[in-house]
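J.: For the record, the sequence lines run as chains A and B. For the first sequence, position 17 matches number 17 in the working numbering, and the numbering has no gaps at all. For the second sequence, position 14 matches number 14 in the working numbering, and the numbering has no gaps at all.
You may find that some hints are simply not true.
To be verified - Looking from chain A toward chain B, a few residues come up when the C-beta cut is under 8 angstroms (computed):
| no. | residue |
| --- | --- |
| 1 | 247 |
| 2 | 249 |
| 3 | 291 |
| 4 | 295 |
| 5 | 320 |
| 6 | 321 |
Unchecked claim - Here are a few chain B residues that face chain A, going by a calculated C-beta distance under 10 angstroms:
| no. | residue |
| --- | --- |
| 7 | 22 |
| 8 | 23 |
| 9 | 27 |
| 10 | 222 |
| 11 | 227 |
| 12 | 230 |
| 13 | 231 |
| 14 | 238 |
| 15 | 242 |
| 16 | 255 |
The hints are simulated quantities; they were obtained by calculation from the structure and are not laboratory data. In this text the structure is predicted, and so the values were computed from the model without any measurement. The beta carbon of each residue, even a glycine, is placed where N, CA and C say it ideally should be.
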Amino acid sequence: MRTISYFLLVAAATLVAASASAQAPLYQKCLLCHGRPGFKKVMPDGKVLELFVNRAELENSIHAKLHCTDCHADVMEIPHLKRPGRVNCYRCHYKDNPNGALPANEFFQSVHGKLVARGDPKAPLCQNCHGGHSVQKVDSPLSTVNHQNVASTCGTCHKPQYDNYIQSIHGTALLDRHIRSAPTCTTCHGKHLILRPSNPESNIYPLNVINVCSKCHENKELIRKYNIPGGRISTYKESYHGVADEFGSVRVANCSSCHRAHLILPQSDPRSSINKANLAKTCSKCHPNADVNFTKGKIHVNYKSRSSGIIYYIGLFFEILTLSTLTVLFIHILLDLFRRYRAGEIGKKKEHD
Amino acid sequence: MEGGYDEARNKFIDGLEKSLVESLGIQGEPELIEMTKGLVRAETARDLDVFMGTRLKRIYRAVAKEKKARARIAEKKRWRQETFQRFNLYFRIQHIILFASVIILIITGLPIKFPNATASKILMSVMGGIAMQGVLHRIGAVLLIAFYVFHTGYTIFNKDGRRDFVALLPRPKDVTDVVKMIKYFFGLSREKPRFDRFSYIEKFDYWAVYWGGIVMVGSGLIMWLHNITLRYLPKYVYDIAREAHSDEALLATLTIVIWHFYNVHFNPSRFPGSLVWWHGKLTKEQMIDEHPLEYERIMKAREGRNG
Numbered sequence: 001m002r003t004i005s006y007f008l009l010v011a012a013a014t015l016v017a018a019s020a021s022a023q024a025p026l027y028q029k030c031l032l033c034h035g036r037p038g039f040k041k042v043m044p045d046g047k048v049l050e051l052f053v054n055r056a057e058l059e060n061s062i063h064a065k066l067h068c069t070d071c072h073a074d075v076m077e078i079p080h081l082k083r084p085g086r087v088n089c090y091r092c093h094y095k096d097n098p099n100g101a102l103p104a105n106e107f108f109q110s111v112h113g114k115l116v117a118r119g120d121p122k123a124p125l126c127q128n129c130h131g132g133h134s135v136q137k138v139d140s141p142l143s144t145v146n147h148q149n150v151a152s153t154c155g156t157c158h159k160p161q162y163d164n165y166i167q168s169i170h171g172t173a174l175l176d177r178h179i180r181s182a183p184t185c186t187t188c189h190g191k192h193l194i195l196r197p198s199n200p201e202s203n204i205y206p207l208n209v210i211n212v213c214s215k216c217h218e219n220k221e222l223i224r225k226y227n228i229p230g231g232r233i234s235t236y237k238e239s240y241h242g243v244a245d246e247f248g249s250v251r252v253a254n255c256s257s258c259h260r261a262h263l264i265l266p267q268s269d270p271r272s273s274i275n276k277a278n279l280a281k282t283c284s285k286c287h288p289n290a291d292v293n294f295t296k297g298k299i300h301v302n303y304k305s306r307s308s309g310i311i312y313y314i315g316l317f318f319e320i321l322t323l324s325t326l327t328v329l330f331i332h333i334l335l336d337l338f339r340r341y342r343a344g345e346i347g348k349k350k351e352h353d
Numbered sequence: 001m002e003g004g005y006d007e008a009r010n011k012f013i014d015g016l017e018k019s020l021v022e023s024l025g026i027q028g029e030p031e032l033i034e035m036t037k038g039l040v041r042a043e044t045a046r047d048l049d050v051f052m053g054t055r056l057k058r059i060y061r062a063v064a065k066e067k068k069a070r071a072r073i074a075e076k077k078r079w080r081q082e083t084f085q086r087f088n089l090y091f092r093i094q095h096i097i098l099f100a101s102v103i104i105l106i107i108t109g110l111p112i113k114f115p116n117a118t119a120s121k122i123l124m125s126v127m128g129g130i131a132m133q134g135v136l137h138r139i140g141a142v143l144l145i146a147f148y149v150f151h152t153g154y155t156i157f158n159k160d161g162r163r164d165f166v167a168l169l170p171r172p173k174d175v176t177d178v179v180k181m182i183k184y185f186f187g188l189s190r191e192k193p194r195f196d197r198f199s200y201i202e203k204f205d206y207w208a209v210y211w212g213g214i215v216m217v218g219s220g221l222i223m224w225l226h227n228i229t230l231r232y233l234p235k236y237v238y239d240i241a242r243e244a245h246s247d248e249a250l251l252a253t254l255t256i257v258i259w260h261f262y263n264v265h266f267n268p269s270r271f272p273g274s275l276v277w278w279h280g281k282l283t284k285e286q287m288i289d290e291h292p293l294e295y296e297r298i299m300k301a302r303e304g305r306n307g
């Protein structure tokens, strides 16, 4: 039954599309009102609703050939008396749709999708990020969810995070220096399946943060190309923080505990949380008495590198001590066993009378 | 015992036959001997069982019981005279505290050193996560520190403690003992080195624990109390402590599992383990074999006291 109704819907959609291309643009009628610049409505609470629709935007969008009522399906007459509801993209973007983009069903598992499901009128739907009338393919430079543009799109709601991000090394790299490999919001938070940091499934759940960061900070090619400090992940994993993280402690510091989540800056920057001047304050978030001594010495210690100085030599000393001691002890044991064998204490059956 | 009684009864009948044969003077005549034997079996044996059996049994049991009791007393006396109290109670308690704490510390510490090993993951979940591991490791640490405090007091204030500490100091003899032992191992000498109260093996064990304890307790405290220690020490001291703690832990674990376990458990003359740590005693044979010089010294002192 469902298959048949899908089939009918697809057939109808194809018909609409075919007739649309044959005739003049179908949104002609709607634009009689909505095409007037400054067309708006003042709500009873004094809020002003901008109702102007830019024709050029529509014609440039990927939906240029659709009729207004294909999306605003609840508009039955013109002029319409009731305020139309929010557009439901799933009318076309359903599973197995041969024409349209595939729906991102995992969206409804996300923190945004759950708010939508709960009926929050402010919760973002597809169109809030992908753009309504101006919707573009993701790889188009005009798309609001393009790698370059998505941060400002998220920033329309998440203002403080956006403000921090654009100042961070990631934000400046992407937005000012146009380095395409630099991360934006979705690189760490995911695209449709954005989850709360407290959700163990989330990319940015304390235990998963290291995996997110290591995608780039353990990528040898990126490290070489952009001169990113290497060995950050491996040294973290060797530290007690890293070990506790490995064993599932969510209290222990992960990358973002010290480097911050959004305002990530290189150590040389005086605003950076890991600048020598700010480090004690950063450490004191967890270690209440942390003071200037916390900053004397490296944080990301590579115990096996000569560059770690005395720590390396202490390790080397113990390595030599352990190997030589155990070699001597082992030889002593083997010789003792050998002597006992020769003396007939072992290896031969005891004789019973 | 009943078997023993039957044997005694048969011997009694045999004796009866023999004395009858002798007094009749029929030693050379097998047929008469057979006849005597037959008559004794037919007449006496039955009467013996019927009229004397219970009484003979009672006598047999009483004497046999007395014999056993005397043997036990003699054995006790021999054990008292021929065993040597090697370690006193304080020493044994210290060793128990030490091995209990070290076992706890090794089990709770190894997963931190090898966080990626599957065994570590299993061990950690058995312990109940890293927070619980931290608590257990610190319990082990408190026990270990208690041991060192106890041992220092013992070394200073106890007579045996002072004597043992001096006896454990390295001497030139230890070097010559090592050379002698190597010669013995290779069959160049038939004689094992003759040890005093502590062999070089035992001295090595003692000083290894001494050194290891200073490293482990020192570095462990720096890390445990890092909120205090880092107020006075720079962060790289903490890193040194961490490196040393981790490395010395592995060295100590391997030394205990390979070396100490070989010497006290897996060594063929000890397997599956000696109980000296529990009762603190060595037999005369063990003393002569393992600590001949000390044995001679003790015997000389006893003679001097007796004579």
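J.: Next step is simple, just say for each hint if it's right about the structure.
T.: Evaluation of the provided hints:
1. 247: Interface hint status for residue 247 of chain A: holds (4 angstroms vs cutoff 8 angstroms).
2. 249: Holds, because the Cβ-Cβ distance from residue 249 of chain A to chain B comes to roughly 5 angstroms (cut-off 8 angstroms).
3. 291: 6 angstroms, holds
4. 295: This interface hint holds because 7 angstroms falls under the 8 angstroms limit.
5. 320: Because about 10 angstroms separates residue 320 of chain A from the closest Cβ in chain B, which is outside the 8 angstroms limit, the hint is violated.
6. 321: 7 angstroms, holds
7. 22: With Cβ-Cβ at 36 angstroms, over 10 angstroms, it is violated.
8. 23: Hint violated; residue 23 of chain B Cβ to chain A Cβ min 41 angstroms, cut 10 angstroms.
9. 27: 36 angstroms, violated
10. 222: Hint on residue 222 of chain B: violated, closest Cβ of chain A at ~12 angstroms, above 10 angstroms.
11. 227: 5 angstroms, holds
12. 230: This hint holds: residue 230 of chain B lies near chain A, its Cβ roughly 5 angstroms from the closest one there, short of 10 angstroms.
13. 231: Cβ of residue 231 of chain B sits 6 angstroms from chain A, so the hint holds.
14. 238: Nearest chain A Cβ about 8 angstroms off; hint holds.
15. 242: 7 angstroms, holds
16. 255: 7 angstroms, holds
Checked against the numbered hints above, the structure breaks hints 5, 7, 8, 9 and 10 and satisfies the rest.
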